[in-house]
Amino acid sequence: MFKALVLDADTFIPKIVPQAIKSVEILEGDGGVGTVKLIHFGEGSQYKSVKHRVDAIDTENLTHSYTVVEGDALAGVLESITYHVKIVPTEDGGCICKNRSIYHTKGDVEIKEWENIKEERRRPCRCSRPLI
Numbered sequence: 001m002f003k004a005l006v007l008d009a010d011t012f013i014p015k016i017v018p019q020a021i022k023s024v025e026i027l028e029g030d031g032g033v034g035t036v037k038l039i040h041f042g043e044g045s046q047y048k049s050v051k052h053r054v055d056a057i058d059t060e061n062l063t064h065s066y067t068v069v070e071g072d073a074l075a076g077v078l079e080s081i082t083y084h085v086k087i088v089p090t091e092d093g094g095c096i097c098k099n100r101s102i103y104h105t106k107g108d109v110e111i112k113e114w115e116n117i118k119e120e121r122r123r124p125c126r127c128s129r130p131l132i
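Numbering (full-length UniProt numbering), first residue to last: 1 to 132.
Just so you know, nobody snuck in bad clues.
DSS-like, lysine-lysine: derived pairs with alpha carbons at most 27 Å apart:
#	residue 1	residue 2
1	K37	K48
2	K51	K37
3	K37	K106
4	K37	K98
5	K86	K22
6	K37	K86
Ranges between beta-carbon positions, derived for each pair:
#	residue 1	residue 2	range
7	L78	L27	19 to 25 Å
8	H84	T105	17 to 23 Å
9	E60	G29	18 to 24 Å
10	I111	A56	21 to 27 Å
11	H40	L7	16 to 22 Å
Worth flagging that the hints you see were computed from the coordinates, not collected in a lab. Computed from a prediction, not measured in an experiment: that's the story for all the values here. Even for Gly, the Cβ is constructed at its ideal location relative to N, Cα and C.
Start from the sequences, fold in the hints, and give me the full structure.
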């Protein structure tokens, strides 16, 4: 699962959920740490695109960190959003994807939509197709 959702995500995700992610362009780097990507969202998204930087990839511990540094998802009030993702294998052969998000605001900006952000984070992410 880590390979599909992290290592091969640039080509894999747009194929299985094109309504969410339309395409991914590598602007700098080779896909590893330090790579900068431009993600174009699909018609099902409220956002057009974001630029993100790969901060860490640990294939042994199944972790991945990246930071959104530009795009309409920052809503003009966020400097960046950093995501820390960990894939945890389960006994039944499946996995749980744990995601921690850190929101960095611009200056002393107060975010009035925190409840909306919290609600979005609580919503489970599901794939309706097998990832085999």
